[in-house]
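Participant: Spelled out, the chains give:
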Amino acid sequence: MTSHPGAIGPPGIAKTRGGGERRFDAAALGATPFLVILAAWWLLPHLVQYPPYMLPSIGTVLDYARESIRDGSLARDVLASIGRLALGFAIGMALAIPLGLAIALNRYVAETFRPVLSFLQAIAGIAWVPLTIIWFGIGNGSVIFVIANTIFFASLYNTVTGVQSIPTSLYRAVRSHGGRGWALLTNLILPGALVQLLVGMRTSMAYGWRALVASEMIAGSNGLGFMTMEAVQWQRTDVIILGMIVIGLIWMVMDRTIFTAIERRTVGRWGLLQR
Amino acid sequence: MLLLLGAWQLSVPLVGMSSYFYPAPADVFAAFVDLVRKGILPVYLADSVLRYLTGMVAGATLGIAAGVLIGVHRTAALALSPLLKFLFAIVEVAWIPIFVVWFGYGIETIVLALIYVVFFPVLYNTLLGVRTAPQILVNAVRSLGASRADVLRLVILPSALPGIITGLRLGAGFAFRGLVFAEMVAAKTGIGYLIFEGAQSQQTARTIVGMIVMGLLWLAIDQFYLRPIERATIQTWGLTVDAAERT
Numbered sequence: 001m002t003s004h005p006g007a008i009g010p011p012g013i014a015k016t017r018g019g020g021e022r023r024f025d026a027a028a029l030g031a032t033p034f035l036v037i038l039a040a041w042w043l044l045p046h047l048v049q050y051p052p053y054m055l056p057s058i059g060t061v062l063d064y065a066r067e068s069i070r071d072g073s074l075a076r077d078v079l080a081s082i083g084r085l086a087l088g089f090a091i092g093m094a095l096a097i098p099l100g101l102a103i104a105l106n107r108y109v110a111e112t113f114r115p116v117l118s119f120l121q122a123i124a125g126i127a128w129v130p131l132t133i134i135w136f137g138i139g140n141g142s143v144i145f146v147i148a149n150t151i152f153f154a155s156l157y158n159t160v161t162g163v164q165s166i167p168t169s170l171y172r173a174v175r176s177h178g179g180r181g182w183a184l185l186t187n188l189i190l191p192g193a194l195v196q197l198l199v200g201m202r203t204s205m206a207y208g209w210r211a212l213v214a215s216e217m218i219a220g221s222n223g224l225g226f227m228t229m230e231a232v233q234w235q236r237t238d239v240i241i242l243g244m245i246v247i248g249l250i251w252m253v254m255d256r257t258i259f260t261a262i263e264r265r266t267v268g269r270w271g272l273l274q275r
Numbered sequence: 001m002l003l004l005l006g007a008w009q010l011s012v013p014l015v016g017m018s019s020y021f022y023p024a025p026a027d028v029f030a031a032f033v034d035l036v037r038k039g040i041l042p043v044y045l046a047d048s049v050l051r052y053l054t055g056m057v058a059g060a061t062l063g064i065a066a067g068v069l070i071g072v073h074r075t076a077a078l079a080l081s082p083l084l085k086f087l088f089a090i091v092e093v094a095w096i097p098i099f100v101v102w103f104g105y106g107i108e109t110i111v112l113a114l115i116y117v118v119f120f121p122v123l124y125n126t127l128l129g130v131r132t133a134p135q136i137l138v139n140a141v142r143s144l145g146a147s148r149a150d151v152l153r154l155v156i157l158p159s160a161l162p163g164i165i166t167g168l169r170l171g172a173g174f175a176f177r178g179l180v181f182a183e184m185v186a187a188k189t190g191i192g193y194l195i196f197e198g199a200q201s202q203q204t205a206r207t208i209v210g211m212i213v214m215g216l217l218w219l220a221i222d223q224f225y226l227r228p229i230e231r232a233t234i235q236t237w238g239l240t241v242d243a244a245e246r247t
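Chains U and X supply the protein sequences, listed in that same order. Read left to right, the first sequence gives residues 1 to 275 (our numbering). Read left to right, the second sequence gives residues 1 to 247 (our numbering).
Check the hints yourself; a few may be wrong.
Unchecked claim - To give an idea of the chain X side of the interface with chain U (calculated C-beta under 8 Å), a few residues: (1) ALA79; (2) LEU80; (3) SER81; (4) ALA94; (5) VAL101; (6) MET214.
Said to hold, decoys possible - Selected chain U positions facing chain X (in silico; Cβ < 10 Å): (7) THR32; (8) MET54; (9) SER57; (10) ILE58; (11) ALA122; (12) TRP135.
Just so you know, the hints here were simulated from the structure itself, not pulled from any lab data. The beta carbon of each residue, even a glycine, is placed where N, CA and C say it ideally should be.
The whole structure should be built from the sequences, with the hints applied where relevant.
Facilitator: Rendered as C-alpha cells:
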C-alpha cells in the first residue's frame, strides 16, 4: 500500500557544532517544556477548582507508583504486556516471511492470495477483538491473535517489497553464475530483502505496540492496557497517568535499544539511510 | 475470494456451531440488509467518516505547522524535540482512558485521539522534508533579496512537500486504526461501535458486517485518497521505486 516506510519516529536533531557548553544549552532548552508542564500541573489545583479525580496531584501519582512497584503489580503488568508482544511478534513474523517470499517470487501464489490478503489487511487488527473475545475469551488468546495479525500484515508487505526492490541485474548476475534454488534464496533474496524488512519492522512494531495496548484495554485480564482502562471505572486517574508514563518509557527504551541498534548495524552500514 | 466465501458457507454445517459463535455468510448478508433498512449503517458510516476527516485535517494542519517551525527554527527544535519524543512514545491509544475521564464518551475523545495520532507522522516527515531543502537554494534566493517568508514559500515548503505527503499517508493508516479502536471504547455510534456492540449483544453477524464495511472503507480511502495523491506527487518526482520497473 505505502511504497516506502517514511519516518514514523523522530529523526535526530541536526548535529550541534559546538562542544560541551552547547550540549548543556540543548539539554536545558529541552528540559524547559517538561518543567513548565510539571509546574502547571503543580499549580493548577491552586488556581482552578476541579474534582481531584480529573487530575490527581503529582504526589498522588508518585505515591501510586511507589506502591505498585513495591507490591510488584506494576512489574507483573509490564512483563505480561511485553511477553504478549514478543509472542505475537514471533508468530506474526514466522507466518509473514515465508508467505511474503512466496508471494514475491511466485506469480500464481501472488495472484491467488492478493485479493484476500489486501481485503483482510484493510480490516485493521483491532477490529478482530470482538470476534476473538467470542472465540478465545478474554485474555491472552485474544490479545496475541490481534498482535500477530497486526505484525503479520505489516511485515508481509515489507517482505514482498523487500524482495521486489532487489535490482534485476543482481538476479541476472547470480543466475549467470549458476545460482538457483536454495543458493539464490540464501545468497541474494534473503539478504536483499532483509534491509527493507528491518526498516519496516519498526513500523510493524509501532502498529503492534498500539495493538497490544488497545486489545488489552478491551480484551485483556492484565497488562498495561488493562491497567489503564480498568482505572477509568474507578476514576483512578493516578493509575491512568502512571500507565501512560510507563507505556511511553517502555516504547522509548524499545525503540532506542532494539531499533536504533538494528538500524545502525544494517541500514546505516549499507548506506541506505541518508543522514 | 469466491472460493473462500464458498468454503466459509459450506464449513458452517460441518463445524456445527451456533451462529453466535460462527455465523454463515447468509446470516451476515441478512444482518447487512437489516442494518441498512433500519438506517443504522448509513448513520454510523457517516459518523465514522466525519470523525476521521475532522481528525485528519486538524492533525495534519498542526503537524505541518509544527514540522515547519521545528525545521526552520533551531531553538524551537532544541526546546520541543525531547517533549515531542516523549509524547510520541505515549501512543494515542494510551490517551483514550484519560480522554474518556475528561471528555466522556463521544466525538471529542475520538477526534482528539485522531489528531494525536495523525500529528506525529506528519510532523516528523514534514521535518525530514524541510531538512532536505538544499541550503544552496536558500542562499541563492536570499541573495536575490528574498525575505524569510519568501524563502519559506519558495524553497522550504516545496522541498518539504514529498515528506508531507508521506506523512499524510502514514498518518491516514494509523488514524484509521485509531478511529476503529476509539469508537469501540469511547463511542455510541460508528463502525467501530457496530463491530464492538454486535459481539457484546451476541449478534456476531453484525460484527462481521461492521468488519467488512470497515475493510471496504479503508480500501476506498486507499483508492480515492492515498493513491491519487501518491500518483500526483511522489511518482512524478520519482521518489518511489515502482515495482513494475524491475520486470
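Participant: If a hint holds in the structure, say so; if it doesn't, say that too.
Facilitator: Against the structure, the hints:
no.: 1; hint: ALA79; result: holds, 4 Å
no.: 2; hint: LEU80; result: holds, 6 Å
no.: 3; hint: SER81; result: holds, 5 Å
no.: 4; hint: ALA94; result: holds, 5 Å
no.: 5; hint: VAL101; result: holds, 6 Å
no.: 6; hint: MET214; result: holds, 6 Å
no.: 7; hint: THR32; result: holds, 6 Å
no.: 8; hint: MET54; result: holds, 7 Å
no.: 9; hint: SER57; result: violated, 15 Å
no.: 10; hint: ILE58; result: violated, 15 Å
no.: 11; hint: ALA122; result: holds, 4 Å
no.: 12; hint: TRP135; result: holds, 7 Å
Of the numbered hints given earlier, the model fails hints 9 and 10; all others are met.
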